[in-house]
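As a plain string of letters, each chain reads:
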Amino acid sequence: MFSDKTLNQAHQGMKKWLEEVKKVTNDLQEGKRFSTISNLDIEPIYTPENIKDLDFAANIGYPGAYPFTRGCQTTGYRGRIWTFRMFSGFGSASDTNKRWHQLLKEGETGLSTAFDFPTLMGYDSDSPKAIAECGKCGVAIDTLADFEVLTKNIPLDEVTTSMTINPPASILWAMYLVAAEKQGVSWDKVGGTIQNDMLKEFIAQKTFMCPPEPSVRLISDTIEFGTKHVPGWNTISISGYHIREAGSTAVQELAFTLADGIAYVQDVIDRKKLDVDVFAPRLSFFFNSHIDFFEEIAKLRAARRMWAKIMRDRFKAKNPRTWWMRFHTQTAGCSLTAHQPFNNIIRTATEALAAVLGGTQSLHTNSLDEVLALPSDFAVNIALRTQQILAEETGVINTIDPLAGSYFVEALTNEIEEKAWEYIEKIDKMGGMLAAIDKGFPQTEIANAAYNFQQQIDRGEKVMVGANKYVTDEETPIELLKVNEKVEAEQIHRLKEIKRARDNRKVTQTLDNLRVACKSDKNVMPYVIEAVKEYVTEQEICDVYRQVFGEYRDPGFY
Amino acid sequence: MSLERKLRVLIAKPGLDGHDRGAKIVARKYRDAGFEVIYIGLHQTPEQIVNAAIQEDVDLVGLSCLSGAHMYLFTEVVKQLREKGAIDITVIGGGIIPREDIPRLKEVGIKEVFLPGTPLEEIIKWTKENVKPLR
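These protein sequences, in sequence, are chains A and B.
Start counting at 1 in the first sequence, then tack on 200, and there's your number in this note's numbering.
Start counting at 1 in the second sequence, then tack on 109, and there's your number in this note's numbering.
By construction, these hints were calculated from the structure, which means they are not laboratory data.
Please note: incorrect hints may appear among the correct ones.
Taking CB as the label site, the calculated pair distances span [claimed, not checked]:
1) A/Q747 with B/R208: 41 to 47 Å
2) A/E661 with B/N239: 27 to 33 Å
3) A/V716 with B/K234: 55 to 61 Å
Computed from a prediction, not measured in an experiment: that's the story for all the values here.
Glycine residues also receive a C-beta, built at the ideal position from the N, C-alpha and C atoms.
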C-alpha cells in the first residue's frame with residue numbers, strides 16, 4: 201500500500217520521534233502500561249510501517265465485496281441505517297406488548313424479545329422451578345396464547361423480531377410462525393431471528409437443557425426448516441456477546457464465536473447434506489461492544505474479514521452472498537456500574553458509536569439502570585435516543601467505514617485477526633468446538649480472563665469510574681422498574697384455564713408424535729408447530745426433549 | 110501457631126439464573142486466599158444446596174443470584190438449613206440485589222450481602238473477621 205520512499209521516510213521519522221520522546225519522558229510515564237481492556241498493548245503512535253504488508257484491494261477493499269472488511273452492504277448506512285433493535289421484555293405478555301408499542305412509537309425499527317428465566321430454561325410458570333422467577337428478567341411465555349397477546353397489533357409482515365431464546369428456540373419460533381399465520385401473514389413474509397446458539401450456552405450464557413450433540417441437532421433442524429420454509433428468517437444468531445459478558449477478552453470473543461459458527465456449518469453439511477450456499481446466507485452473528493473504543497471497531501472489522509475467508513476458503517462457498525457476515529451488536533452490560541448509574545449513559549454512547557463505526561447491521565443500547573434492574577421507561581428512552589442521535593446528528597453515517605486506512609485501526613484489526621486465528625487453530629486441533637467444550641477449554645480461558653480482569657480492577661490497574669475511582673460516598677437512589685408482583689399468580693391462573701380449555705387428546709397426540717420424531721432423524725419443526733397450535737405448553741415440549749435427549753449438568757469449571 | 114482448620118466455603122447459585130461470572134471469581138478468590146472451596150455451581154435448588162452444605166461440612170455458604178429471585182431463594186436456604194439443624198453455618202449472598210432488600214435478607218438470616226463493585230479483598234476480610242471454623 202505504501203511506496204518504498206514513504207516507508208523509508210516513516211522509518212526515519214520514527215527514529216527522530218523516539219529521540220524526542222526520550223527527551224520529554226518523565227519518571228511518571230516510565231513503565232506505565234497502555235493497553236486495551238483485553239490487555240493488548242498499544243503503541244504510542246502508528247505509522248505506515250505498522251501496516252506495510254497491507255494490500256488495499258486484498259485486505260481492505262470496498263463495502264459489499266470480498267473480504268468485506270468495510271462492510272457487507274454496498275451502500276453502507278447511506279443505503280440503510282442499522283436497525284434500532286432494543287432488547288426488551290418483562291412481566292406478562294401484555295406488559296411487554298405495551299412496552300413494545302411504546303418503543304415502536306419512539307422510533308425503534310425492530311423488535312427484540314427478552315424472556316424470563318423459566319421460559320429460557322424450558323419451564324412453565326406453574327413449575328416449582330419458576331417460583332419467584334416468573335416475569336422478573338423478561339416476559340413469561342407458556343403457550344401460544346401468551347404469544348398472541350405478546351404480538352397483539354404488531355404487524356408481523358412489517359416488523360422483524362429477534363428472540364433471545366436457546367434450548368426452546370424451536371418452540372418460540374413455532375409460536376411466532378403460528379401467530380403470524382393467524383394474522384394472515386404467510387411464512388415467506390415474516391422476518392426475524394432466533395438466537396438458537398447452544399454452544400455459547402455451554403461456554404458462557406448457561407441457559408442450557410440437553411447435552412451438546414442433541415442441542416446441535418435441534419439447531420440444524422431449525423436451520424434446515426428455515427431454509428426451506430421461512431426464507432426471510434435468520435435461524436441462528438451466533439453469539440459472542442455472552443462470551444464477552446462472562447469475562448473473555450475481545451480476541452476470545454471473536455475466536456470462540458467463529459469456532460462455534462464453524463461447528464454449526466459443519467453439522468448442517470454433515471447431518472442435512474445441504475450445500476453451504478443454500479443455508480449459510482441466513483446465518484447471523486451477535487457481538488458485544490465493550491468500552492475500549494478502538495479495540496471493538498477493529499474486532500468487528502476483523503470478524504467480517506475472517507468469516508468471509510472461512511466461508512470462501514474453508515467451506516468453499518461459491519456465492520459471494522454466503523461470504524457475508526451480518527451481525528447485531530449490544531453495548532456491554534458488564535462495562536456498566538451500579539454506582540453513579542448516570543455515567544452509564546456515556547459508556548453506552550461510546551460503545552454504540554464503536555458498534556456503528558464497526559458497521560453493525562442492528563444495535564441494542566443498554567439503559568443506564570442496566571446493572572440494577574430492567575429498564576425503566578425513562579432510561580430506555582435515553583438509550584434509544586442515543587442511537588437516533590448517532591444516526592441523525594453526528595455525521596458518522598455519511599461515509600462508509602470511515603476508519604479504514606487509519607494506521608492504528610488497520611494494525612489493530614490485523615493483530616486481533618491474527619490472534620483469533622491462533623485460537624481457532626488450537627480448537628481445530630482439539631477436534632472442533634464440541635470437543636473443546638467437553639475438555640473445558642473455552643470455559644477455562646474465560647474464567648481466567650475474568651479473574652485476571654477482576655484482579656486488575658482491585659489493584660487499580662484498570663479503572664471503572666465511580667466504582668474504583670472517583671467514588672462518591674452518598675448516592676441518590678434512582679427510580680427502578682418493579683415487575684408487578686401479581687404476574688406469577690396471574691400467569692399460573694391463565695395457564696390453568698388454557699390447559700382446561702384445550703383439546704387434551706390432541707396435546708397427548710402431538711407430544712407423542714414429537715417424541716417419535718426426536719428419536720428418529722426427522723426434522724422436529726413440523727411436529728413442534730403442530731403441538732404449539734394445540735396450546736401445548738413450552739415445558740411440555742421441553743420435557744419431551746429432556747426425556748429423549750437427556751439433561752446437561754454444568755461441570756463447574758472456575 | 111493456630112491449629113484452626115481451613116475454613117470450608119460452599120459457593121452455589123440457587124434457582125435458574127446462569128450468570129456465574131461473579132460466583133466463579135469469588136470461589137477462586139477464596140481458594141487463592143487459602144480456604145477450602147466447594148463450588149457446586151448452577152441451577153441448584155435450596156434443598157440441593159443445603160444437603161451439599163451439610164454433607165461437605167462447610168462453615169460458610171455463599172449464594173449468588175442475579176435474576177431477582179433472591180428473596181425467596183436465599184430465605185429458603187436459611188430456612189432449610191435451620192430445619193436440618195445446621196444453625197451455625199453462616200450464609201452470605203451477592204448478585205443483583207436492591208439495596209432496600211438487604212435489611213429483610215439480614216432479618217431472615219443472611220449474615221451479609223455483597224453488592225456489585227465490592228473488592229474481593231473486602232469479602233475475604235469480612236470472612237476472616239466474621240466466620241470461624243465450626244469444628
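message: Let me make sure I understand: some of the numbered hints might not hold for this structure. Which ones are they, in numerical order?
response: none
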